[in-house]
Amino acid sequence: MKKRIGVYVCHCGGNISDVVNVSEVVTAVKDMEGVAIAKNTLFACSDAAQNEIVNDITSLHLDALVIASCSPKLHLHTFRAVAERAGLNSYNYVQVNIREQCSWAHSYEKVSATGKAIQLVKSGIERVIFSRAMEPFSIPAEQSVMVLGAGIGGMRSAISLANVGLQVYLLEREFFIGGRTAQWGDLSAAYENGPEVVSRLFKQIREHANIHLFIGAELISQSGNIGSFEVKVKIKPRRISGDCDESGFNQAISICPVEVPDDFNFGLTSRKAIYQHYPSEYPAIPAIDDANCNFCGACESLCKSIDLNQKEEILNLKVGNIIVNTGFDPYEPTRGEFGYNEIERVLTLPQFKRLVDISGAGKLNFKGKQIHTITYIFCVGSRQGEEGENQYCSRYCCTTALNTAIIVKRKFADITNIHCTRGIRTYGKQELIYEESSRQGDIFLEFSFENMPVVEERNGKVFVRIKDILTANREMEAETDLVVLITGMVPRRNNNIAQMLKIPTGRDHFFNEIHAKLRPVETVIDGVLIAGTCQGPKNIMETLNSSMAAAAKSAASLSSGTIHLEPIVADVNTDQCTGCGICLTVCPFDAIVTAGPEDKPAVSIVISRCKGCGMCLPVCPEDAIELYGFTNEEMEGMIDGLTSY
Amino acid sequence: MESSSAKLKVLVFSTDKISDPAIDLAGLLKKHYPAGVYTISVPCSSAIKPRWIIHALQRGFDGVFIAADGTDCPYGELCVPNTANLVAATQIKMEKLGIAPQRLKMAAICSICAEPFVRYMNSFLHDLDTI
Ligand SMILES: Cc1cc2nc3c(=O)[nH]c(=O)nc-3n(C[C@H](O)[C@H](O)[C@H](O)COP(=O)(O)OP(=O)(O)OC[C@H]3O[C@@H](n4cnc5c(N)ncnc54)[C@H](O)[C@@H]3O)c2cc1C
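First to last, the sequence lines map onto chains A and B.
Anchor point for the first sequence: position 169 equals 169 in my numbering, and the numbering is continuous, going up by one each time.
Anchor point for the second sequence: position 19 equals 19 in my numbering, and the numbering is continuous, going up by one each time.
Source of the hints: derived by calculation from the structure; they are not laboratory data.
Watch out, some of these pointers could steer you wrong.
[Claimed, not checked] List of simulated lysine-lysine pairs, DSSO-like, C-alpha gap at most 30 Å:
#1 K30(B) / K39(A)
#2 K502(A) / K236(A)
#3 K517(A) / K31(B)
#4 K30(B) / K517(A)
#5 K203(A) / K236(A)
#6 K105(B) / K304(A)
#7 K502(A) / K31(B)
#8 K502(A) / K105(B)
#9 K30(A) / K105(B)
#10 K110(A) / K31(B)
#11 K553(A) / K318(A)
#12 K93(B) / K110(A)
#13 K600(A) / K93(B)
#14 K30(B) / K502(A)
#15 K429(A) / K502(A)
#16 K7(B) / K110(A)
#17 K467(A) / K409(A)
[Said to hold, decoys possible] Examples of chain B residues lying across from chain A (beta carbon under 7 Å, computed):
#18 D24
#19 G27
#20 L28
#21 A35
#22 T39
#23 P43
#24 C44
#25 W52
#26 Q58
#27 G60
#28 L78
[Said to hold, decoys possible] Label pairs and their calculated CB-CB ranges:
#29 T130(B) / D47(A): 48 to 54 Å
#30 T130(B) / D599(A): 51 to 57 Å
#31 T130(B) / E566(A): 37 to 43 Å
#32 L76(A) / T130(B): 54 to 60 Å
#33 S559(A) / N85(B): 38 to 44 Å
#34 L76(A) / L29(B): 36 to 42 Å
All residues carry an ideal CB built from backbone N, CA and C; glycine is no exception.
Work the whole structure out from these sequences, hints included.
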């Protein structure tokens, strides 16, 4: 039993103390039996507070520690390390969650929340009294990582991991790599072109012996834990296995009778069921799209590499970590939103980027008409007002819109750009793009959320009407040849990855990291990391930053070859055990074996197999099995703490 | 006026990898539920001993809710039948002790099921109020 316990109650800035009366909590527990010191602290995780706790442990000879702060998912390891630095076993530390499960969940009930926090801290103290010193178990870590998504972020993660010697399985769901970046042509904030950047990364991937790229590949199941995930991958048939004779592919594409809207160009053009988006695309062979192919066989007769009978493949792999880099979708405006899908000269920014990219220099034409005036409406699908809508800023769009306006003016003759904004957010160095667009004579108007611009078609002409804040709410109307809706980012549709890997999503429906600042690429599932735009809007630079962070985090966890796991395993009281064997039938890991002499049969636990699930505990008729960290004393002590007065 | 269910106390057994993140997420998203709901996290919902549940009810909790892993359990599919069995066994014991079996409830709460968790809490507290 612990007799000298240190208790620290954190304000977390105001995250806890704006709701919970922290001093009241300290007063309520400081005289409990076994408590040697109880204090409040502004930020328990700060260096200063950590040092103070270390000093207290050593100078006051504390034998156990309770910190009431945020979720243990965030800081359990931080505070275990504090205990260890002071020479205290880290399992003599208990973290009590009074933020996510108290102050945030009951922010309108300050008195009740304070009462609840007191009971929670008492319960933590009752638990730590019975805590025992333990050492973590070590298991071998697979020296391989699966990266999901070969967009710019996933490619970058894969290269970084491969460079430190790990084997990388890079999975791309589509038949071509590069993700969205391959679609954008000239990029903002760099004199570079999307497909060129993709090609450079692809070259490194192809030349790297440690990277195994699977295209048309999807994760279909996973089991296991950090250090050793068992994953099953389905590879769709591309139906084309190698090269054709010269021009064979072109003939095969032209003979294909099926024509569908080309999603690479967001429906501005069409493509065949056998297709390739652009000549230098990777891999440099076309693919056949099963959803649209009618399997007529016309292409097969022209090229020996086409095989319409190719079957899907299933791969079983073992990996130590999984990095999710599955990207975003552009926001699709609803029908009629600023005239979208009702007025044919209203496009989204992704469509416009494609139009600019595929149009030859000189004149910009759309639907048979030369374009002179382009009106851009900003923040479409971002910074929306209502709960449940996209209330976030999509970050990339102000910069990309202005950069595109600059490119359009350079590439095509007689262009006037009119920007209807809600305040420009070209943060950091991207401000220079704003300056350049202003210098080239672009017109800037600004509207408020309450007064959105109106797009109308009258007598074959398109007009945009706006109440301009910059000129004291003057109502203006401009005739325009094209309206471009600057659409934001939304989470990828048709993606079951979150469910399969159990990744939580946030209020914005993007994947949620443990902590935006402190653990920005980790998820609550150990060994599953997230990076790039699947976790929220980002430009390419930000995508690459987070992808390299995820790779570094993953490499750090695997590189020693060993993963340290919680020493939470079952333990049998052989005096009580009768050897009935019921527990053997419920253990999923065959970690219980019969043991003991014939006259006193009993079972014992194979520690290396026990995963600490505890399924054996409730079935034992003699209550002879306990789980370290969850013993009857600890659990019932906690319950007593929650109900004590 | 505060409703009588606001004074009730419920103990939730959550699971470290699956339902506890959902309960954290409810807080993060400021989805409120009554402050009488307390959580103790365990590795897996099929590890909960009947004696802990009965201890909680005898010590003054009005109800116990098992926020089960369901089919998401990282320890495998045996979790579902094993949790169901322990609930059934506990309810038999509760009845023998004169405790209404409805005071123990179980539902699968996935790691992102913040909203269902809040709904379950509100409806369980409402049900407990009528026992
Ligand atoms: C119109 C527009 C223009 C832009 N212009 C610029 C610019 O000029 N400069 C700039 O810095 N940024 C720009 N951006 C932002 C840029 O596109 C993103 O920052 C970048 O594409 C994010 O890369 P990513 O790897 O996170 O995601 P993505 O590019 O979306 O790639 C994700 C990849 O994952 C794959 N995938 C999805 N699900 C699965 C799965 N389950 N299994 C396997 N693979 C899967 C996808 O097929 C895709 O290949 C622009 C964005 C838009 C919308």
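Hints, one by one, checked against the model:
Taking the CA atoms of K30(B) and K39(A), the gap is near 27 Å; set against the 30 Å cutoff, the hint holds. For the suggested pair K502(A) and K236(A), the alpha carbons sit about 24 Å apart, so the restraint of at most 30 Å is met. The suggested pairing of K517(A) with K31(B) holds, with an alpha-carbon distance near 22 Å, which does not exceed 30 Å. Distance restraint check for K30(B) and K517(A): the Cα-Cα separation of roughly 19 Å lies within the 30 Å cut-off, and the hinted pair is therefore satisfied.
For the proposed pair K203(A) and K236(A), the alpha carbon gap of about 23 Å is at most 30 Å, so the pair holds. Between K105(B) and K304(A), the direct Cα distance comes to roughly 63 Å. Violation of the 30 Å bound is thereby established for this hinted pair. Of the pairs offered as hints, the one joining K502(A) and K31(B) holds, with about 20 Å between alpha carbons and a cut-off of 30 Å not exceeded. Only pairs whose Cα atoms come within 30 Å are accepted, and K502(A) paired with K105(B) is accepted, the gap being roughly 24 Å.
The suggested pairing of K30(A) with K105(B) is violated, with an alpha-carbon distance near 35 Å, which exceeds 30 Å. For the hint pairing K110(A) with K31(B), the CA-to-CA distance comes to about 15 Å; that is within 30 Å, so the pair holds. Between K553(A) and K318(A) the alpha-carbon distance is near 19 Å, which keeps this suggested pair within the 30 Å criterion. Proposed proximity of K93(B) and K110(A) is contradicted: the alpha carbons are some 37 Å apart, above 30 Å.
Pair hint K600(A) plus K93(B) holds up; C-alpha atoms about 29 Å apart against a cutoff of 30 Å. Straight-line distance between C-alpha atoms of K30(B) and K502(A) comes to about 21 Å, which keeps the hinted pair within the 30 Å bound. Between the alpha carbons of K429(A) and K502(A) the distance comes to roughly 37 Å, so the proposed pair goes past 30 Å and is violated. Under the criterion of a C-alpha separation no larger than 30 Å, the hint pairing K7(B) with K110(A) is consistent with the structure, at around 15 Å.
As the CA atoms of K467(A) and K409(A) are separated by approximately 26 Å, the hinted pair is consistent with the 30 Å bound. At about 4 Å, the closest approach between the beta carbon of D24(B) and any beta carbon in chain A falls short of 7 Å, and the interface hint on this residue holds. Using the Cβ-Cβ criterion of 7 Å, the hint placing G27(B) at the interface with chain A is satisfied: the shortest such distance is roughly 4 Å. Among the interface hints, the one on L28(B) holds; its C-beta lies about 6 Å from the nearest C-beta in chain A, closer than the 7 Å criterion.
Annotation: A35(B) was flagged as interfacial toward chain A, and the flag holds, the nearest CB pair being 4 Å apart, inside 7 Å. For T39(B), the interface hint holds, the least distance from its beta-carbon to any beta-carbon of chain A being 6 Å, beneath 7 Å. Using the Cβ-Cβ criterion of 7 Å, the hint placing P43(B) at the interface with chain A is satisfied: the shortest such distance is roughly 5 Å. Checking C44(B) against chain A: minimum C-beta separation of about 4 Å stays under 7 Å; hint holds.
The restraint placing W52(B) at the interface with chain A holds, with a minimum CB-CB distance near 5 Å, inside the 7 Å limit. For Q58(B), the interface hint is violated, since its Cβ never comes within 7 Å of a Cβ in chain A; the closest pair sits about 9 Å apart. With 7 Å as the threshold, the beta carbon of G60(B) comes within range of chain A, its nearest partner Cβ sitting at about 4 Å, so the hint holds. The restraint placing L78(B) at the interface with chain A holds, with a minimum CB-CB distance near 5 Å, inside the 7 Å limit.
At about 52 Å, the beta-carbon gap between T130(B) and D47(A) stays in the expected band of 48 to 54 Å. Separated by about 54 Å at the C-beta atoms, T130(B) and D599(A) satisfy the suggested range of 51 to 57 Å. Our hint of 37 to 43 Å for T130(B) and E566(A) holds, since their Cβ atoms are close to 41 Å apart. At roughly 39 Å, the beta-carbon separation of L76(A) and T130(B) lies outside the given 54 to 60 Å, and the hint is violated.
A hinted range of 38 to 44 Å for the beta carbons of S559(A) and N85(B) is consistent with their spacing of about 42 Å. For L76(A) paired with L29(B), a C-beta distance near 22 Å fails the hint of 36 to 42 Å.
Comparing the model with each numbered hint stated earlier shows that hints 6, 9, 12, 15, 26, 32 and 34 do not hold.
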